[in-house]
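Chemist: Line order of the protein sequences matches chains R and P. In my numbering, each residue carries its 1-based index in the first sequence increased by 174. Mapping to my numbering: the second sequence position 19 is 18, numbers consecutive.
No lab work stands behind these hints, which were simulated from the structure alone. For each residue, glycine too, the CB sits at the ideal point set by N, CA and C. Some clues are possibly wrong.
Claimed, not checked - Going by beta-carbon spacing under 8 Å, a handful of chain R positions derived as facing chain P:
1) Val193
2) Arg196
3) Phe208
4) Asn215
5) Gly217
6) Leu218
7) Leu278
8) Phe280
9) Lys282
10) Gly283
11) Lys285
To be verified - Simulated crosslink set (DSS-like; lysine-lysine; CA at most 27 Å straight-line):
12) R:Lys232 to R:Lys216
13) P:Lys56 to P:Lys69
14) P:Lys70 to R:Lys216
15) P:Lys52 to R:Lys285
16) P:Lys54 to R:Lys282
17) P:Lys2 to R:Lys216
Below are the chains, spelled out letter by letter.
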Amino acid sequence: AQSVTQLDSHVSVSEGTPVLLRCNYSSSYSPSLFWYVQHPNKGLQLLLKYTSAATLVKGINGFEAEFKKSETSFHLTKPSAHMSDAAEYFCVVTRNYGGSQGNLIFGKGTKLSVKP
Amino acid sequence: DVKVTQSSRYLVKRTGEKVFLECVQDMDHENMFWYRQDPGLGLRLIYFSYDVKMKEKGDIPEGYSVSREKKERFSLILESASTNQTSMYLCASSFGQGIWSYNEQFFGPGTRLTVL
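Bound-form chain P, shown alone (with noise of 0.2 Å):
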């Protein structure tokens, strides 16, 4: 089975604090893709990566960056963490070369962090 690992399942960070929320799958999957989820807003994509330190910017990558230094790992970075990206965020990755196949995402049990 493939799995994806997310290194926290709970977070609670202060405003300003710099944040990471690492991501890794054990299945060489090339793609690998950062979400939020918000009630309401739906699953939104903030990064994205189809190779080792390769990363494309997603609907919504402001105060947010990310590395991919291995394949298996995708690591989120909050800069300067802020109320407003209290959420609930999902890591996923996928098989297949170029981020444009027809192969479904396999994704992480999602950290949800709370920011104070």
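The shape of chain R in the complex, shown without the other chains (with noise of 0.2 Å):
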């Protein structure tokens, strides 16, 4: 069964040091992939996709994330946190057939803090 886990439920860092957000996926097939984020009382919004092009993909506000196959991980760094990145992350994943679910799988989320 496909499944997308999120290695961390909170991490803690200093503005201006790097920042890095565990995602790991499960899948039988090659999937999209996404991270979103989530400030406090706001939608997701899209920070990255991975659509079976380039490996390293950029996104908004400094963000990037790697697509490794072998090691099935699509973690997101950042060289240098800022205040405002505090918020919740979301690792998605594409589902490959049909059901209740739709065609997102997303992980349980990942809160970032940022300590001045």
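Could you use the hints to bring the two separately framed chains together as a complex?
Modeler: So this is what it looks like as structure tokens:
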């Protein structure tokens, strides 16, 4: 069965230090993968997407993610955290069959805190 | 830019009331979705629609119904609101024929519903 696992429920970094949010997935085919960000009491905003083109994907606000098929990972990184990056981040994978759950599988989310 | 709007950001209703949540998208997307988001449970799909007047049940359709009379509008209806329907409701849309596509979803800002 397909699944997506965000390895950390909460990550805390200091402003100006690198950010790493980890995501592993399982799939029997080549899915599309996304990272979304959600600020408090807001909807989800697409940060970046991988759709079988380049394995290193650049997104908005300086974020990027690398698709590693051999490791089934799609980790999100940013070289230098900013206070405005504090939010919840969701790793999402497309589903390759029909059913009641729709076409996307959402991770449980990682809350990123940024300390001054 | 894709824009998905929801009729209310915050809503307070009484138990037993009929509640309408409206969602409108301006990008001529075929597919529309309703989710609810609860702490510890993540995003759960309530209903989705891949065409006008078409609807499919998601993971948790009980207590809800939907209406899609026009392509741009997807309404979620709580027939008789209950306190366990207090939640954040998110609407989303995506393009492409068929739900089982590799395309990302675009989310609205959410409606935080409180049922007293």
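Chemist: Confirm or reject each hint.
Modeler: Evaluation of the provided hints:
1. Taking 8 Å as the C-beta contact cut-off toward chain P, the hint placing Val193 (chain R) at the interface is violated, the least distance being around 21 Å.
2. Violation of the interface hint for Arg196 (chain R) is found here, the shortest Cβ-Cβ separation to chain P being roughly 17 Å, above the 8 Å cut-off.
3. With its C-beta approaching chain P no nearer than about 5 Å, Phe208 (chain R) sits inside the 8 Å limit, and its interface hint holds.
4. The interface hint given for Asn215 (chain R) is met, as the beta carbon of that residue sits about 7 Å from the closest beta carbon of chain P, less than 8 Å.
5. Checking Gly217 (chain R) against chain P: minimum C-beta separation of about 4 Å stays under 8 Å; hint holds.
6. The criterion of a C-beta within 8 Å of any C-beta in chain P is met by Leu218 (chain R), whose closest approach is roughly 4 Å, and the hint holds.
7. Of the supplied interface hints, the one on Leu278 (chain R) holds, with its beta-carbon coming within about 6 Å of a beta-carbon of chain P, less than 8 Å.
8. Given the 8 Å rule on beta carbons, the hint for Phe280 (chain R) holds: about 5 Å separates it from the nearest Cβ of chain P.
9. Checking Lys282 (chain R) against chain P by beta carbon gives a least distance of about 5 Å; that is within 8 Å, so the hint holds.
10. Against a cut-off of 8 Å between C-beta atoms, the interface hint on Gly283 (chain R) holds, since the closest Cβ of chain P lies about 7 Å away.
11. Residue-level restraint check for Lys285 (chain R) is violated (minimum Cβ-Cβ distance to chain P is 11 Å; threshold 8 Å).
12. For a cut-off of 27 Å, the pair hint linking Lys232 (chain R) to Lys216 (chain R) stands: about 23 Å separates their Cα positions.
13. Distance check on the hinted pair: Lys56 (chain P) and Lys69 (chain P) sit about 19 Å apart at the alpha-carbon level, within 27 Å; holds.
14. Proposed proximity of Lys70 (chain P) and Lys216 (chain R) is supported: the alpha carbons are some 24 Å apart, at most 27 Å.
15. A threshold of 27 Å between alpha carbons decides the hint, and for Lys52 (chain P) with Lys285 (chain R) the separation of about 38 Å lies outside it, so the pair is violated.
16. For the hint linking Lys54 (chain P) to Lys282 (chain R), the alpha-carbon distance of about 26 Å falls within 27 Å, and the restraint holds.
17. A C-alpha spacing of about 14 Å is found between Lys2 (chain P) and Lys216 (chain R), which places the hinted pair at or below 27 Å, so the restraint holds.
Consistency with the previously given hints fails for numbers 1, 2, 11, 15, ordered from lowest to highest.
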